[in-house]
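*Asks:* Sequence:
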Amino acid sequence: MPPRSGFVFAGNRIYAAFQVAVARMDKSLNPKDTLWRLQKHSFTLSDLVYLIHILNSAFWLVIMCVPGFPLKLLIPLLHIGLLIIPLTSQIFLPALPVTTYLITFYSSQFIPNNRRPSIYVSVLPTLESVLFGANISDLLTRYTHPILDVIAWLPYGVGHFTLPFIVAIFLWLFRPRQALHLWARAFGWMNFVGVVAQIIFPCSAPWYEVIFGLTPADYSMKGSPGGLLRIDNLLHSHGYTVAFSNSPVVFGAFPSLHSACATMEALFLAHFFPQVATYAWVYAAVLYWATMYLTHHYLIDVVGGSCLAITFFYLFLPDDLKGPLATASPTGALANGVAHGGGQSNGRSKYEIYDIEEPHLDGDGLSYELSSDAASDEEDAGIAYRSPGPHPVGAGKDSPVAVAAVAAMPLIGPVTKQARRSHKHTASIASLIRADDRVEDGWSPIGNGSFVFPPTPTRSERDVR
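Numbering (numbering that gives the first Met the number 0), first residue to last: 0 to 464.
It is possible that some hints are incorrect.
[Unchecked claim] In silico DSBU-like cross-links for lysine-lysine, where the CA-CA straight-line distance does not exceed 35 Å: (1) K71 <-> K26; (2) K221 <-> K26; (3) K321 <-> K39; (4) K31 <-> K71; (5) K26 <-> K39; (6) K39 <-> K71; (7) K71 <-> K221.
[Said to hold, decoys possible] Pairwise CB distance ranges (calculated): (8) S236 <-> V7: 49 to 57 Å; (9) S117 <-> A284: 31 to 39 Å; (10) A9 <-> I74: 36 to 44 Å; (11) I199 <-> I53: 19 to 27 Å; (12) S27 <-> G212: 55 to 63 Å; (13) R3 <-> S27: 38 to 46 Å; (14) S45 <-> I150: 37 to 45 Å; (15) G132 <-> A22: 55 to 63 Å; (16) H235 <-> L50: 47 to 55 Å; (17) L34 <-> S244: 41 to 49 Å; (18) F58 <-> L34: 40 to 48 Å; (19) C64 <-> L314: 28 to 36 Å.
Since the hints were made in silico from the structure, they are not lab data. Keep in mind it's a predicted model, so treat the numbers as computed, not measured. Where a beta carbon is used, it is the ideal one built from N, C-alpha and C, also for glycine.
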């Protein structure tokens, strides 16, 4: 396929998936619908997680200085409004772990300095030398080049901020809803725990060692863009310098959330889109190198962040998404009995419901079954080559041409349209036979008395006829 045709095909497929995904969404703007669902909801112990969200947000909202009171009250009011409208609730309710992480990350800068723990400057380089035999991050920064700067900048300074949205969009378009909810939970809680660890255990990054050595640090110091300063010079801008100088968490080297996010993205892409697994892990490996090349993290930080991501991925991954459902389309997941709410339905296929044998599929996805339309006078043609099709035009039933045609058609082969129709008839007969089991559903033609079988004549009645 030519490259242009391939892009057109991919674009058409994404657009079609987008239309289907939008059609699946709840487009109601009436808050009463959300309140009605809340009244019908059966609360369990797992719902206590929402209490954690409320308490965490209230704590950080109290110490938040910018924006000040009463403007900062608009934040919870806006969030509650997004949660109570059905159209936006289906997006922001599963994303609560992400918003919890964001408010924690932003508001941590307002913690009074006298309440903060001491900053560890020499712990990480010492651990790296002990565990790996050398300061690996220092070795990777010995040689720099503009081409290497760009290669490191793309995943670290661009992909880190855009790829989480891309993964979420593709999960929304091409995978069951449970996969997208899993992404929000695992990604949000991983970052939340990582930020809390950085607040409790503040450590300086390699750029601090390059600028200040191992002298003690304090919270009045501004952050540094490290190697991204070369990107600012290359682009003739100050974007990364301003962003890292005003970072809420300056001494958050361990664990590396850049490596944690890249590992989480690679795990999700490899699990739900196996065809891109190699590319996902190559991207993650390049980002691991970039964190050290740009003097933002030590190797021990990268290892810690990756372990954090692996832990949360397998901690939150449900059993339902460990099998074929992980690569099923949203419509395929519903067809296989998966409900919207993430639970499993009765699990019975249509063949089990009608108590009929499920057709076997060959390598090409074609169904093969025995034909039952052969006439009794075709026995001489051989049991393995009995034809269910009509005789050739112009040939008699017992002519050599007809016999040859019968012998030439296999009894076992791909099911034709006629065979498929007979299979549907079998399902209909089975539904009539087991109709007594479904009288309570209100549609059975037998159970409700609207249909009766004609009486079977006795032998004497048949002899009279």
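*Asks:* State the violated hints by number, sorted upward, taking the hints as numbered earlier in the document.
*Replies:* 2, 8, 18
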